[in-house]
Amino acid sequence: MLLFIFKRLLFAIPTMIAVSIVAFIIIQLPPGDYLSTLMADLASSGGSLEEGTIAAMRERFGLDQPIYVQYWKWVSSIVFRGDFGISFELNRPVTDVIWGRLGFSFLLAALTLCFVWALAIPIGIISAVRQYSITDYGVTFLAFFMLAVPDFLLALVSMYILSTYFGQSVGGLFSPEFVNAAWSLPRVWDFLSHVWLPVCVIGIGSLAALVRIMRANLLDEIHRPYVTTARAKGMSELELLLRYPVRMALNPLISTLGWILPAVVSGEIIVSVVMSLPTTGPLLLRALLSQDMYLAGSLILLISVLTIIGTLISDILLAIADPRIRLQ
Amino acid sequence: MTSATPATPVLSVKNLQVQFPTRMGLVKAVDDVSFDLYRGKTLCVVGESGSGKSVSARAVLQIVDRPGKIVGGSMVLTRPDGTSVDLAKLDPRGGEIRSIRGREIAMIFQEPMSSLSPIHRVGEQIGESLRIHFRMPKAERRARVIELLTQVEIPNPEQAIDRYTFEFSGGMRQRVMIAMALACNPSMLIADEPTTALDVTTQAEILTLIKRLQAEYGMAVLFITHDMGVVAEIADEVLVMYRGKVMERGAVEQIFHEPQSDYTRMLIGSVLKLESKAEARVAREPASLAPDLLLDVRNMSLTFPGGMKAVDDVSLTVSPGETLGIVGESGSGKTTMGRCLLRVYDPQQGTANFRRADGSVTDLCSARGEELKAARREIRMIFQDPVGSLNPRKTVADIIAEPLRLAKLARGKELDDRVAGLMEQVGLEPSWRERYPHAFSGGQRQRIGIARAISVRPRLIIADEATSALDVSLRSQMLDLMMKLQDEMGLSFIFISHDMSVIRYMCDRVAVMYRGKIVEAGDTEAVTGSPQHAYTQALLSAIPHPDPRDRRLADRFRYQEIQK
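Residue numbers (this note's numbering), protein chains in the order written: chain A, 665 to 992; chain B, 2 to 565.
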């Protein structure tokens, strides 16, 4: 088992290298760089910069060097010094800018995953066991509906309804008075009363997908011969269901963790912009728009690493859950 | 047993009726079936697929798959203390039937792999009924499971208890299943085709084990099988079923030697027919008259990447018009060998010289490109699974025409005529050409497979377990058809099978494979009549003999290879 984890960790390394290269290339794809964007902005507001200043800045940021040199500088300082570079626009180290927001992003993703799994499994089970019943049809209809609704629309509509008809404070993760306060019980409570809405909005698409997967998995398993064997032993139907087919149907579900995580993270970007959440999403959008290269690159890299870690965790969980993967 | 039959049966089934409401109407899967089961005795329910034998067995425990329902009859279980209960009246999800399942009546199933959970340890699965029925504490349960594993002769039970099913061989899995059934000392055991998925030698061991345990525990055994040989070996009483109805019921002696019903006679007849060489082949002159060999395989070897020698230094020859049988158990490499000849796998060593129709010789082991393609056109394959080997989305005409179309041998009207001709040749109505495979029965589907194989006028056909999935009454028909085509078209066959009887029926010569090697080869009569190699002797003596007066399994010859 330890060997298995070690091997998987080893495989993750080339993936991360590839991801960092791709992330860097993506942020270089749009024509121009931060300085040309800056100049365009200045020009549109009537100002301008001298040629000399621009050349000096270009040299200072290292933007005049070939792309692979820029890449190596960026990556080597991340690996050796934990330094993600400087945000041009904010003129602060990327690490400072990201850190506080990354925590919220991670928390939001974790809460969303818990919410999705906690609901998807029981709903999927009910939908499969009562196949072709009213419940099943209802769940199926809702699932497809939720899959089809874009999450930003859901965010807007739910915010509108909550603030107009229930008078709740929506948007952000805190009420105004708690935004900059220190952590305390009331602040946690305030956080919880805000966070449930983004969690639901971000998670609902994945929830619908997982319900369908769980239902399909379970329907596959429920007619397997080993179920008949267990029934012939005299086991009660509920124990039988949970102990055998549900247990088996969970295995493919665990492997979905790998793609549910990125879906949640990327869904979060748009929703966070709409709901103005203090997460990495709005930051990334702004960084991309202004070609703030190191900030955008670091965010993309961190989000990708999160995905790799998610896949790793799902592999390890799967090996724990299924002896066939561990032993064969 | 002192008296011939004890007074009260353990289970008395009367007028049992099980129905499946389907879209096509009501299917009477079990129609008015009655039987009695006595302590220490074995009742065999025998019939072909669709006879309702398996459904009857499941009805006893009320575990018939949906939408099947017991609609009539009674099934009275009498306990040793004299109390009795009618199982047909119990709620299938209720507590009462559950307390009987696994506790008083236990069941074992056909596929020991899929009938056991792959992700639970075997000890846990065996101990489960002890937990359910006796609430036995964990430590005690473990001791009892180890005791059970010892009883079913699983080596190293202390370690085996913590293993998973996929770490066992097929025979060992079935032993685990039996241990599971015995856990609560049931008074009755239902065995639903427990040896069908096993090799003959393993089957013989499992049958002996069940017999021994039955004597020890004094169980009544309800044994479901399609194999008349197995029936003759183990049954005290026999119930013959056909399409949900009982055709005949009686002592095993009477069923085999004075059958009353025509169906029973037909069933036994088709088994006995396979006990000897086909009439069409008895008078036939030896095929080896032709001087040039069609296929000459020398020292062919294939080692899989894992290091397993699947084919180990195999040499064999096939003359034009000859049928060579390859017999062996699962894992012997016989299928891999056949696939090497078609170059599905690339053998690493050896040659396989195939004489083409134009007289040129192609080495199948090294040929490439066009040469290999051309040679393959003369070699065709018939597969075991008539369902899986036909594309369900194509019509029968498309399936049969495909090789012709690929080889660009015919098109348009000519193609249609050829397909119609082929269908007639294999005994299918040409007007069914536009139907899809699902509309045909198993035997008919195998005929479609044969028509497809002969469509390009091949000279060698490799038939891999071509009759194994068929009922016994269809088996000899299919073999007769292949021999008819052989005579008409001058075909040669390599007939791969685990079933010695079909080999004996149809093959001129036979090669016995064991662990990738050919251990014995020769004329079929010589090999089956006086086998020289110890493995062949073991294989032959493990075959159940369809005559209850001549039970051989108990004193069969066992082959233990000395491990190097």
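Hints were generated in silico from the structure; no laboratory data involved. From the three backbone atoms N, C-alpha and C, an ideal C-beta is built for every residue, glycine too. Each hint should be verified, as a subset may be incorrect.
[As the list claims (entries may be wrong)] Per label pair, the in silico range of CB-to-CB distance: (1) B:Y560 / A:F670: 39 to 47 Å; (2) B:E97 / A:L906: 50 to 58 Å; (3) A:L783 / B:G95: 31 to 39 Å; (4) A:F770 / B:R369: 53 to 61 Å; (5) A:L783 / B:M114: 28 to 36 Å; (6) A:A845 / B:G95: 37 to 45 Å; (7) B:R136 / A:L906: 12 to 20 Å; (8) B:R136 / A:R990: 30 to 38 Å; (9) A:L991 / B:P393: 30 to 38 Å; (10) B:R369 / A:S741: 50 to 58 Å.
So, going through the hints one by one against the coordinates:
1. B:Y560 / A:F670: 39 to 47 Å: Holds, at about 44 Å.
2. B:E97 / A:L906: 50 to 58 Å: With a Cβ separation near 22 Å, E97 of chain B and L906 of chain A fall outside 50 to 58 Å, so the hint is violated.
3. A:L783 / B:G95: 31 to 39 Å: With Cβ atoms ~32 Å apart, the hint holds.
4. A:F770 / B:R369: 53 to 61 Å: holds (56 Å)
5. A:L783 / B:M114: 28 to 36 Å: Because 34 Å falls inside the window, the suggested range holds.
6. A:A845 / B:G95: 37 to 45 Å: violated (60 Å)
7. B:R136 / A:L906: 12 to 20 Å: holds (19 Å)
8. B:R136 / A:R990: 30 to 38 Å: For R990 of chain A against R136 of chain B, whose Cβ atoms are near 31 Å apart, the range 30 to 38 Å holds.
9. A:L991 / B:P393: 30 to 38 Å: holds (35 Å)
10. B:R369 / A:S741: 50 to 58 Å: holds (54 Å)
Hint compliance for this structure: hints 2 and 6 are not met, and every other hint is.
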